[in-house]
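> Sequence:
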Amino acid sequence: MLDIFKKEEIKSLNDRISELDEENRKLSLQLGKRDEKTRKAVASKQVAERELNECEQRLRSLVKEVDDLRKEKESGVSFRFSGTLFGKRLDEVLSILGSIEARSASLITIYLADGDKLENAAKDVVSEIDGSAFSLIEKIDSSTGKAVFYDTNGIVRLVLIPVFPIRHSEAFAGMKFDLGLIGKSPTFEKILVLDTHAGETFIGIVETGGFLEHQIVRSSVMGKHSKGGWSQKRFGKLIEEDLRHHADKVRDSLACMLKKHGDIEYVIAGGDGRLASMVLEGCNYPVIMKSMSPVAKGNVDHVMRDVMAVRWYGV
Numbered sequence: 031m032l033d034i035f036k037k038e039e040i041k042s043l044n045d046r047i048s049e050l051d052e053e054n055r056k057l058s059l060q061l062g063k064r065d066e067k068t069r070k071a072v073a074s075k076q077v078a079e080r081e082l083n084e085c086e087q088r089l090r091s092l093v094k095e096v097d098d099l100r101k102e103k104e105s106g107v108s109f110r111f112s113g114t115l116f117g118k119r120l121d122e123v124l125s126i127l128g129s130i131e132a133r134s135a136s137l138i139t140i141y142l143a144d145g146d147k148l149e150n151a152a153k154d155v156v157s158e159i160d161g162s163a164f165s166l167i168e169k170i171d172s173s174t175g176k177a178v179f180y181d182t183n184g185i186v187r188l189v190l191i192p193v194f195p196i197r198h199s200e201a202f203a204g205m206k207f208d209l210g211l212i213g214k215s216p217t218f219e220k221i222l223v224l225d226t227h228a229g230e231t232f233i234g235i236v237e238t239g240g241f242l243e244h245q246i247v248r249s250s251v252m253g254k255h256s257k258g259g260w261s262q263k264r265f266g267k268l269i270e271e272d273l274r275h276h277a278d279k280v281r282d283s284l285a286c287m288l289k290k291h292g293d294i295e296y297v298i299a300g301g302d303g304r305l306a307s308m309v310l311e312g313c314n315y316p317v318i319m320k321s322m323s324p325v326a327k328g329n330v331d332h333v334m335r336d337v338m339a340v341r342w343y344g345v
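Sequential numbering from 31 applies to the sequence shown in the numbering used here.
These are computed hints drawn from the structure, not numbers from a lab.
BS3-like, lysine-lysine: derived pairs with alpha carbons at most 27 Å apart:
1. Lys-206 / Lys-153
2. Lys-320 / Lys-169
3. Lys-206 / Lys-118
4. Lys-147 / Lys-320
5. Lys-206 / Lys-147
Please model the entire structure based on the sequences and the hints provided.
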């Protein structure tokens, strides 16, 4: 009789164990699905934060461009136009300038190095430039200098900002424009490109008009502070730590890249200027700062466009 009760009890316990095993299996399955959803949510959040950072950086660039244009307009005399040239359009503009020929020495070419005054660098021809054009040329701020193409008959009056610095100032007057400096292709230079943005920085080596090597360095950087949670001061400190960590990570990647490409002529840097300064601490190469947008979905052609773009003005 006792054996029968024991057998029934054992059977009951085994049944309960089976039920618990099944329940455990179901719960494990649900937990696995929840973990997968959590992982997907975290990944989606990271993508969203990265895209938000890209949009904010682009917005800041556009706001700066609008502010610059507003200042130009408010200053009185304004440029006839201003914009950016690159690729085939730049080649076409240079080709047109090179094809122009006058019957007299009415075509003035001036290459103005950064820091040089127009009136000092072009003493022999400056009297031929009218007052409003003179003021506009002087007003343009450029760390790489200016190339001025001025027709005393008023047909052509352009200023181009070169990619690489004009090393010394000179001026010419003739029947053709002298494109010796601006017309020279900059692709012979080996340059380091640095497009820095919080959490995502592009680094690459350019030579002969294309990238020899490039890399996108990513790390986690906190977004904007919102109400609640940490104090503004604490939050700011955490962001600073994230930026410093990101800068260190970029520097490590740069060190590996520069071991293979030590013969760099220039560094062209853009994006977040403060972050770029962190990355370039102790850099011994000449640095050229340019307006650059975040790299959208690894679009290297877009980076090349920003790097080789030439700003131009009608005066």
